[in-house]
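Count along the sequence shown from 1, then add 8; that gives the number in my numbering.
Hint data in this document are derived by calculation from the structure and do not stem from the laboratory.
These numbers were taken from a predicted model, which means no experiment stands behind them.
Beta carbons: idealized from backbone N, C-alpha and C, even for Gly.
Heads up, some of the hints might be wrong.
[Said to hold, decoys possible] Here are the simulated lysine to any residue pairs, SDA-like style, with alpha carbons at most 20 Å apart:
| hint | residue 1 | residue 2 |
| --- | --- | --- |
| 1 | Lys78 | Thr95 |
| 2 | Lys81 | Leu93 |
| 3 | Lys103 | Ile92 |
| 4 | Lys65 | Arg49 |
| 5 | Lys81 | Glu97 |
| 6 | Lys75 | Thr64 |
| 7 | Lys75 | Arg57 |
| 8 | Lys42 | Phe59 |
| 9 | Lys75 | Thr95 |
| 10 | Lys65 | Ile89 |
| 11 | Lys42 | Asp61 |
| 12 | Lys81 | Met56 |
| 13 | Lys75 | Gln94 |
| 14 | Lys75 | Ile63 |
| 15 | Lys78 | Lys103 |
| 16 | Lys75 | Phe85 |
| 17 | Lys81 | Lys103 |
| 18 | Lys78 | Leu53 |
| 19 | Lys78 | Arg49 |
| 20 | Lys58 | Met76 |
| 21 | Lys58 | Gly40 |
| 22 | Lys58 | Thr95 |
| 23 | Lys58 | Cys90 |
| 24 | Lys58 | Lys103 |
| 25 | Lys78 | Trp67 |
| 26 | Lys78 | Arg54 |
| 27 | Lys75 | Asn50 |
| 28 | Lys58 | Phe85 |
| 29 | Lys78 | Ala60 |
| 30 | Lys78 | Gln94 |
| 31 | Lys75 | Val52 |
| 32 | Lys65 | Ala88 |
| 33 | Lys58 | Asp70 |
| 34 | Lys81 | Glu31 |
| 35 | Lys81 | Ala60 |
| 36 | Lys78 | Ala88 |
[What the hints assert, rightly or not] Between beta-carbon pairs, the in silico distance windows are:
| hint | residue 1 | residue 2 | range |
| --- | --- | --- | --- |
| 37 | Glu97 | Tyr51 | 33 to 41 Å |
| 38 | Gly40 | Asp77 | 28 to 36 Å |
| 39 | Thr64 | Glu38 | 30 to 38 Å |
| 40 | Pro72 | Asp104 | 17 to 25 Å |
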Amino acid sequence: MKNDTKKTIYATVASEAGVNYREIADMMTEIGFKMNHSSARNYVLRVMRKFADAITKEWDLDIPESKMDKIVKSPQFQQAICDILQTLESQNNRKD
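Based on the provided sequences and hints, a complete structural model is requested.
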């Protein structure tokens, strides 16, 4: 019998300029918010879910919960949100 269980791939925006969940947790602990990598992941995913909810509401999309969970955890979605935020920050800095 073949075992078709998939390993969960945890997404993190950790490219050359990014950080992973453990690094996020370490930074938060250093500034006084004790956190482990699991908590950092949960916070990131909650924020990503808020972005996804806002996007689906704005575009009037009806996405099933199971699919929304996969989207929120995907590295591509997280990277896209990161890119958007960096673009907005860059634009705001040019205005100053």
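Status of the hints after comparison with the structure:
1. Lys78 - Thr95: This hinted pair is violated, its Cα atoms lying about 25 Å apart.
2. Lys81 - Leu93: This hinted pair holds, its Cα atoms lying about 18 Å apart.
3. Lys103 - Ile92: With a Cα-Cα distance of about 17 Å, the restraint between Lys103 and Ile92 holds, given a limit of 20 Å.
4. Lys65 - Arg49: Distance of about 24 Å is beyond 20 Å: violated.
5. Lys81 - Glu97: Violated - the C-alpha atoms of Glu97 and Lys81 are around 23 Å apart, more than 20 Å.
6. Lys75 - Thr64: 12 Å, holds
7. Lys75 - Arg57: 12 Å, holds
8. Lys42 - Phe59: 25 Å, violated
9. Lys75 - Thr95: Distance of about 27 Å is beyond 20 Å: violated.
10. Lys65 - Ile89: 16 Å, holds
11. Lys42 - Asp61: 28 Å, violated
12. Lys81 - Met56: 8 Å, holds
13. Lys75 - Gln94: Distance of about 26 Å is beyond 20 Å: violated.
14. Lys75 - Ile63: Between Lys75 and Ile63 the Cα gap is close to 14 Å, so the pair holds against 20 Å.
15. Lys78 - Lys103: 36 Å, violated
16. Lys75 - Phe85: Holds - the C-alpha atoms of Phe85 and Lys75 are around 12 Å apart, at most 20 Å.
17. Lys81 - Lys103: Violated, at roughly 33 Å.
18. Lys78 - Leu53: 11 Å, holds
19. Lys78 - Arg49: 14 Å, holds
20. Lys58 - Met76: 11 Å, holds
21. Lys58 - Gly40: 25 Å, violated
22. Lys58 - Thr95: Holds - the C-alpha atoms of Thr95 and Lys58 are around 19 Å apart, at most 20 Å.
23. Lys58 - Cys90: 14 Å, holds
24. Lys58 - Lys103: 27 Å, violated
25. Lys78 - Trp67: 19 Å, holds
26. Lys78 - Arg54: 13 Å, holds
27. Lys75 - Asn50: At roughly 18 Å apart (the allowed maximum being 20 Å), Asn50 and Lys75 satisfy the hint.
28. Lys58 - Phe85: 12 Å, holds
29. Lys78 - Ala60: OK: Lys78 and Ala60 at ~11 Å, within 20 Å.
30. Lys78 - Gln94: Distance of about 23 Å is beyond 20 Å: violated.
31. Lys75 - Val52: 18 Å, holds
32. Lys65 - Ala88: 18 Å, holds
33. Lys58 - Asp70: 15 Å, holds
34. Lys81 - Glu31: Holds - the C-alpha atoms of Glu31 and Lys81 are around 18 Å apart, at most 20 Å.
35. Lys81 - Ala60: Holds, at about 11 Å.
36. Lys78 - Ala88: 15 Å, holds
37. Glu97 - Tyr51: 33 to 41 Å: 20 Å, violated
38. Gly40 - Asp77: 28 to 36 Å: 31 Å, holds
39. Thr64 - Glu38: 30 to 38 Å: 35 Å, holds
40. Pro72 - Asp104: 17 to 25 Å: 42 Å, violated
Checked against the numbered hints given earlier, the structure breaks hints 1, 4, 5, 8, 9, 11, 13, 15, 17, 21, 24, 30, 37 and 40 and satisfies all the rest.
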